[in-house]
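So the protein sequences, as listed, match chains A and B. All residue numbers for the first sequence refer to the working numbering, where the first residue is 1 and numbers rise by one. All residue numbers for the second sequence refer to the working numbering, where the first residue is 287 and numbers rise by one.
It is worth saying that the hints were derived from the structure and are not from the lab. Treat the hints with care, as some may be off.
Claimed, not checked - For lysine-lysine, the following BS3-like pairs were computed, each having C-alpha atoms within a straight-line distance of at most 30 Å:
no.	chain 1	residue 1	chain 2	residue 2
1	B	Lys426	B	Lys454
2	B	Lys468	B	Lys426
3	B	Lys426	A	Lys209
4	A	Lys59	A	Lys247
5	B	Lys454	A	Lys278
6	A	Lys209	A	Lys278
7	A	Lys209	B	Lys394
Unchecked claim - Reference excerpt, derived from the structure (chain A facing chain B, CB under 7 Å, subset only):
no.	residue
8	Ser114
9	Leu185
10	Ile190
11	Gly191
12	Gly193
13	Ala194
14	Met198
15	Pro210
16	Leu212
17	Ala214
Built from N, CA and C at the ideal position, the CB exists for glycine as well.
What follows is the residue order along each chain.
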Amino acid sequence: MTMALEAPVAARLNTPKGGLATIAELLPRIIFAIYMILFFTYLFLPLAVMTAATFNTSKFPTVTPWLGTTLQWFDALWADQAMWMALRLSVLIGTCVIAIALPIGTAAALFLTSLEGRARTFFYAVMVSPLLTPGVAIGIATLILWRQAGVGGGLWLIILAQSSFIAAYVMLMVIARLQRFDRTLEEAAIGLGASRWMVFRRILLPYLKPSLLAAMLIAFLQSFENYNTTLFVRGTETPLTVFIATKVRTGLTPAVNALGLILIVLTIVAAVALELSKRSRAAKPA
Amino acid sequence: MSHSVDLIDIEMIFGQVRAVEKFSASVEGGEFFSILGPSGCGKTTVLRLVAGFIQPTAGRVLIGGKDVTGSGPHQRPTSMIFQSLALFPLMPVWENIVFGLEVRGIPKAERRKRAEELLDLIALPGFGDRMIHELSGGQKQRVAIARALAVEPQVLLLDEPLSALDLKLRQHMRAELRALQKRTGVTFIYITHDQSEALAMSDRVAVMSAGKLQQIATPRELYANPATSFVARFVGETNEFPGRVRGVSDGIAAVETRHGLLKGRAGPGLRAGDQAAVYVRPEAVSLETENDNRIEAEAERLEFEGAVAILHAKAQDGQAVLAAIAHRGLGQAPVSGGAIKLSFTPAEALVLANV
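So here's chain A without its partners, still in its complex pose (with noise of 0.2 Å):
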């Protein structure tokens, strides 16, 4: 306790200017730190109270009334075969956009930097404007598009509803990095001999690498929290945000939390693997 006294007192009769100073000074830090500290709890509070409730006996998700700590949930959890599927459908799901939307973004992206004056505006404009339509429109109008050439919801079209937007995230990511590309390098392969399509694999692809591969995590995110676009093309298939809103319905019980706690282990247990990585890949050539 003394110690903490101390210290703002050490502070003041370091300053020349005296105590006031030393509070105007100090108030804009302050503020600043209530802050941040206000941020994060709008940020993790109800991730830290869903944590809780998992590990709470009480048959709703829910911290009050505490009925009393198990991990009964967990096993509740392993034992839905029914989510179980419709996480498989997910991750599923999610590759396959990443498969579709990865070509296709990148290629609209390679296409869109050739271009030049009111023509890229207007691809540009055509190409985000998926993101801007909202997520019901984009499902339903996949729907009834299909549906003309008699094909229903289901599996395929859930795929095809979700790149038709997700394409335009992993257009505007390489785009990003596209932008950077010193043109000279293709001229100089160019001169050098190489063909199109070399100039693609050894010195274009290299380059949009990283860009790529945070576009391949992103276009999988955007697919597997995604909700409102696939309720509408999904036909009788049931991934995981549609199987957790049923849930609500039919009756949640803390194993969703078991499930949300899941995947927020996993992904910070993949975000520090990928920073640690990163670190000592940089420090490597150094």
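Guided by the hints, dock chain B onto chain A, whose structure is given.
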């Protein structure tokens, strides 16, 4: 003998801009040929036309006597070194150097061997596995040269490749480039805005201004007999006395200037009545008084440079006049503010019409 390059009446128009106008030049096989001009004069466009990155609006490009107009860069026996060098940042040095062989389908072991040979040639043995960002400016420069030479071009095109280097390294690389050119016998076409670079390295220099060819000559000829007022001003230091031509006889033109009548060798096509200027190099201006052309001036300051001293003087109308005076001929140094008479012979002055 490596290939010659002939440009015949080349014209290049980008939209509304006429980047190159009626450009003709014949570069001999094995020649070190420079194109000199200020930035934006169209010299890089000429180089890209030779490389085949762009096709001329009109005119023909011949390499080794063969018409290559319309063919792409991969169909021409040329190799280009870019101003930015354009080394591939994600490949190690050796892969950079033999990229041209990789695209030709040459097996890896052979490529690696060739890369090592080229690394020896550019005096960077053992650098094959480094990455480009681990190299210094001069090393990158040399890797770019090796990469261009790996495809065994007949003509090497260099687009201001030394401009990013510091002065000392630049001078060193000049000598290296020149030696390399002699050793390989490859035809070099070298683009630069730096006249000392062009004069020091080249067999012949083409001077360009605003898309137009001004003159093609050896460095000495260019300096001694500039064909146009632009070349006279652009290449080397010069004093310029503008006026009107009174008459031309026996190759000597008399020009009415603000400093009186000055005489010099008449440039091509000069006629009485032309607006023109008398150009004289600082080293042709002396303090002796018996020469035909005399200018009354006031000494301002003397810069001693060892072998020569540069006298900065001001003519009566305020025009600055430079005189490079050999150390031995200096005699009595003029004092600052003192009235002096500067003179030069008509043989050492050149009269060129204004363009």
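Structure versus earlier hints - violations, ascending order: 5, 8, 15, 16, 17
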